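Letter by letter, the chains look like this.
Protein chains: 4
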Amino acid sequence: MKVGIIGASGYGGVELLRFLNEHPQVQSIDLYTSNEDGQSLTSQYPHLLNENKYTLRPLEEAELMDDIHTVFLATPPGVSSKWSGWLRNQGMRVIDLSGDLRLSSPKVYETWYKREAAQKELLEQSVYGLSEWSKEQIKHASIIANPGCFPTAILLALLPVLKANLIQSQSIIIDAKTGTSGAGKSPSSITHFSEMNENFKIYGVTSHKHTPEIEQQLMDVVEEELTVSFQPHLVPMSRGIMATMYATAANGVNSEQLHTCLTSAYKNDPFVRIRDIGDFPATKHVFGSNYCDIGVAYDERTNRVILVSVIDNLVKGASGQAIQNFNIMNGFDEKTGLGMLPIYP
Amino acid sequence: MKVGIIGASGYGGVELLRFLNEHPQVQSIDLYTSNEDGQSLTSQYPHLLNENKYTLRPLEEAELMDDIHTVFLATPPGVSSKWSGWLRNQGMRVIDLSGDLRLSSPKVYETWYKREAAQKELLEQSVYGLSEWSKEQIKHASIIANPGCFPTAILLALLPVLKANLIQSQSIIIDAKTGTSGAGKSPSSITHFSEMNENFKIYGVTSHKHTPEIEQQLMDVVEEELTVSFQPHLVPMSRGIMATMYATAANGVNSEQLHTCLTSAYKNDPFVRIRDIGDFPATKHVFGSNYCDIGVAYDERTNRVILVSVIDNLVKGASGQAIQNFNIMNGFDEKTGLGMLPIYP
Amino acid sequence: MKVGIIGASGYGGVELLRFLNEHPQVQSIDLYTSNEDGQSLTSQYPHLLNENKYTLRPLEEAELMDDIHTVFLATPPGVSSKWSGWLRNQGMRVIDLSGDLRLSSPKVYETWYKREAAQKELLEQSVYGLSEWSKEQIKHASIIANPGCFPTAILLALLPVLKANLIQSQSIIIDAKTGTSGAGKSPSSITHFSEMNENFKIYGVTSHKHTPEIEQQLMDVVEEELTVSFQPHLVPMSRGIMATMYATAANGVNSEQLHTCLTSAYKNDPFVRIRDIGDFPATKHVFGSNYCDIGVAYDERTNRVILVSVIDNLVKGASGQAIQNFNIMNGFDEKTGLGMLPIYP
Amino acid sequence: MKVGIIGASGYGGVELLRFLNEHPQVQSIDLYTSNEDGQSLTSQYPHLLNENKYTLRPLEEAELMDDIHTVFLATPPGVSSKWSGWLRNQGMRVIDLSGDLRLSSPKVYETWYKREAAQKELLEQSVYGLSEWSKEQIKHASIIANPGCFPTAILLALLPVLKANLIQSQSIIIDAKTGTSGAGKSPSSITHFSEMNENFKIYGVTSHKHTPEIEQQLMDVVEEELTVSFQPHLVPMSRGIMATMYATAANGVNSEQLHTCLTSAYKNDPFVRIRDIGDFPATKHVFGSNYCDIGVAYDERTNRVILVSVIDNLVKGASGQAIQNFNIMNGFDEKTGLGMLPIYP
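Protein chains in written order, with my numbering: chain F, 7 to 351; chain W, 7 to 351; chain Z, 7 to 351; chain U, 7 to 351.
FYI, nobody ran anything at the bench for these hints, they're computed from the structure.
Check the hints yourself; a few may be wrong.
The list treats identical chains as one, so a pair stands whether inside a single copy or across any two.
Capping the alpha-carbon separation at 27 Å, the derived lysine-lysine pairs in BS3-like fashion look like this [said to hold, decoys possible]:
hint : residue 1 : residue 2
1    : K8        : K341
2    : K59       : K273
3    : K141      : K8
4    : K59       : K341
5    : K215      : K169
6    : K120      : K215
7    : K59       : K191
8    : K215      : K141
Note that this is a predicted model, so its numbers are computed, not measured.
The shape of chain F in the complex, shown without the other chains (with noise of 0.2 Å):
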């Protein structure tokens, strides 16, 4: 099987042909990006030095692609909305890492986002891929919407709880914490190593792109509108997201009952592995990998649930899942290239 990445000169790229080039059912990969500063993928990254199978390609021979069934934009914002109708069109599969297609409502879309959304008609034609909730849709979908790093690590902990009703959907209050690979590879002085380093901070107060889509997917199993408050911050590390998640308890509901509805949610699921009570994880016990782990704990004296997730923002929070829903997609085992196990320390 041929497969496509365009935008492969960003993180995400990058990440993509890291899982790829152990991907067993993957016979080449072709990549593409915009970036045409004449530079090779090696001199970008020496890491991949004598792999040289692997060049960049200028976006525009992406028209000529032939023979590729699946394709990866790992792109910025605009890029999807543009190419991914013309691509499934040509028969291609799209999985889609940026933003473009995950909002349904294209007036959200552009409040939050700031600019214009893609057709009605290419969003509607989307699956959002969070791969462990939608696997019959994955299976049967041309264009997959990737989702974002944010709201993935936050869905698979807070959708099982809310579906069963066991938290006050009004009540959720995320506080998430993000390495700085998330802010992809420009330099800026945000991300300046001495700036950056032995520091913390906040960012995209009350108006970070994440927090509509992940309303968006709460509301879709509540069946009611709600709003959560969504505060992303930066840690001096590359890799790694947490979130923790604070919602008022629904009456009656103690400890156990979350964990159990949390295992059991997963219970087929080889990436969501859910602690035991009391125990909770940190970002490093799923760096490298495409796992999420979660932690849940009820608060008797404040009558607050606390959920705690973490994962590795490039895999399970964008390329690692994109792999997954590729998988999925194509009746292969949902591990098939992503067996690694985390790297640690």
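Knowing the structure of chain F, use the given hints to seat chains W, Z and U on it.
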């Protein structure tokens, strides 16, 4: 003026020394430690090489202290509850950086600290030394219970808006993040570099000792019972605390009102800096200094207030505030010995 | 093929598990540890959650090993010198990651390690397993002394140019830098996060145990006595070694000649990558992988050669090379189970 | 006394401000920058919030400076060579932190800096300001060429032993490591957090601009030609330099002799601390301070001397030494405004 430090070989003690060494009113500093492994101060802290006037004495010799005006205790649990009364009775002023004397209720102390509380009488005589909020009492106190690091960052942000009824008292959720120096200088697997580096951890879920301290001081201004959710995390950095606080807004509250409330509350306080609306602090902005920087936003969508507060946990969160209290007690300018700008980057 | 790991609860052991878990020729992995504090593998290493097939057994049970083809020892000093002979006599192949069997001279061992050496006979039967330099011997060995992390990085760079007489053998100075994982998982004040973060340290001045190992292998190719200056340092990162090597050039040497010498030496070795002239590696370029990347320059002004070599200390510097040797011993492709690309960023 | 800083918006400028703000003899500080993006000092450096007396003025206004006693230039290449003469002619004293005036030979400057040198006359009038080695000249200088960060750490260790003929002058190899703040505040891919974190890099192989500066000052004491190998590296930390220096010992040298040589050389210098034999400094021991800590060993096996020197690159390596020179020029105690202890941890 001669001062003493008991518990001088911990991070808090050494940080006291850094500031007292600069203090124009301090004539000499006697150092005591129970850590009697025969090591000199400079063998544990080579950065103090050449400061030959400072030597560590065994704790027992503290009984021989003479002519000492103020004693700082930067000691593990249980030391201050034994020593503070005696020291005060010898005519010395006591500033206790441990948690022994912060909670006025022995019962609450014993529930959270899982150990015997100090004598009721001693607790009653101790003044909770959040400098900006108790200047008059501090001025006349003989024993100061210096606030915990998290409570300092949290209370400075919450107290004004809670007192002004701008937030609902039962709705407070505090997500806090700290560097590792708060865990002290004893090695452990939690703070082992290979495990803590490139990692973000949660700890003390629903059970951190600073919770009742925060609640006690908040209840003091609202004069009703309340509980808060307080959840700390460990950041891969040495110094710095950020607390992100969420609360439901009272009716009709807006950002300007919140901002004005904070700026008014601290208009005469040199160490609290309120950020402009839309601007938020990072921990590095206060590194090495006694500042507490606070930002605030009102989120109309969720009707919630977000407060962000940062301090250097070893300075305003411990030793710096102790010296600020020492200044207040003695009628010195609050900034004496504390005027250095933050170190950046 | 069934394999065993003795010393499975250390970083080296867990890293062996990461690779062996992926190895297509490995049917089962038995884990042994002398660290009998009753902790399960996952309680020490939550990143291995769900890998229920792996449990830690007490070291004594290693005597009952049956049907095991190869045993990896990732043990503290003194364990391998006791066990390796017995294991081999039971018909097992032994790959020892400790320093017990690396030095052929018991006297040199005792001078540098300050402890009793293994039996002379055992040392004679052990093959020093620098994969690229001893393939034939490794193929027929029953006991492999897996090289130390620093010697691996250093020898791969120095051996070709020394053997080709491009540098003067008595002039070698090696300045090496390592991440903290080489110091193992036991907490200490040296690797306490608050002390190691934002810090760069020197250690083992003129006395590091890897010195005689480097000299022994260099002398092996020049067939004359030599000494080297080898000086290690600790970098505030978890993984990675860089060795910067300086030597006086032989007459008439230039950069092209040095470069050709290195590329020729490793033209058939998939894990050694020689950088183009003017290009030098960073440790992150090999993170998580079995690669050794080498750069070289000739400095006309000083008539010195500079060699720069990087590895991941836990992979090519320990567990990865052990598996590479396991592959060579068994006639598997060297890359079996080791083909993953480095993780970046 | 009124002072000015040209280039006030870089890290060197801000660090000058940190110290001058504390300096009892400094009455006012005027700040100039060519970075005219209309940003205020506090918008670039929120840690300076509330320091309202400091505002950035455009560089051109420096021409209007009046009544300024001393001007510090913390500017990019080429600024000081234009301005220093004019400032001096206006009667001001000049302390230049850039590299423009450090090399007495325009030809050597042009070879290494690849740009036009300052006028010969200006170079001749400039005094190289390594405080401990040129106190008399500094006292009478009107223009100081403040030493580079690496040369400062290196020369303070090498000069005494070279002058005393304890090492062979042609044998010097210097392996240096620096935190990232030396690269300044402009973002780049090299110092992008995701790339620099958990990474150790080499740069400037055989070509770093500080090489001729080191050689010039060493030749000054030996009065013969010499070259050194000087090789810098980047450490994932913000501040700190360690230089590890290797040289062949002169006949009959031992550790005690080396140690005595160093302690004698600096017996009256408060900012140079010589470690006991067998003890070596780490960069964190001088963090935030003007100290230079030096350790030394003689290695009998290789007949080499190893010297280890650490400084804070922004303090003793730049702004701290500039103020030390300012003190010397004005007859103040050298430690004025520089007395703070290092920040630890």
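Hint by hint, here is what the structure shows:
1. Proximity of K8 to K341 under the C-alpha cut-off of 27 Å is found in both arrangements, the shortest distances being 19 Å within a copy and 24 Å between copies.
2. Taking CA atoms no more than 27 Å apart as the test, K59 paired with K273 passes between copies only; the shortest distance there is 17 Å, against 40 Å inside one copy.
3. Taking the shortest Cα distances, K141 and K8 sit within 27 Å of each other inside one copy (23 Å), while across copies they are farther apart (36 Å).
4. Within a single copy, K59 and K341 get their C-alpha atoms as close as 25 Å, and across copies as close as 17 Å, so both meet the 27 Å cut-off.
5. For the homomeric pair K215 and K169, the shortest alpha-carbon distance inside one copy (24 Å) is at most 27 Å, but the shortest distance between copies (33 Å) is not.
6. When the C-alpha separation of K120 and K215 is checked against a cutoff of 27 Å, the pair qualifies only within one copy, where the shortest distance is 10 Å, while the shortest distance between copies is 44 Å.
7. For the identical chains of this complex, K59 and K191 are intra-copy neighbours only, at 23 Å inside a copy versus 38 Å across copies, given an alpha-carbon limit of 27 Å.
8. Taking CA atoms no more than 27 Å apart as the test, K215 paired with K141 passes inside one copy only; the shortest distance there is 25 Å, against 44 Å between copies.
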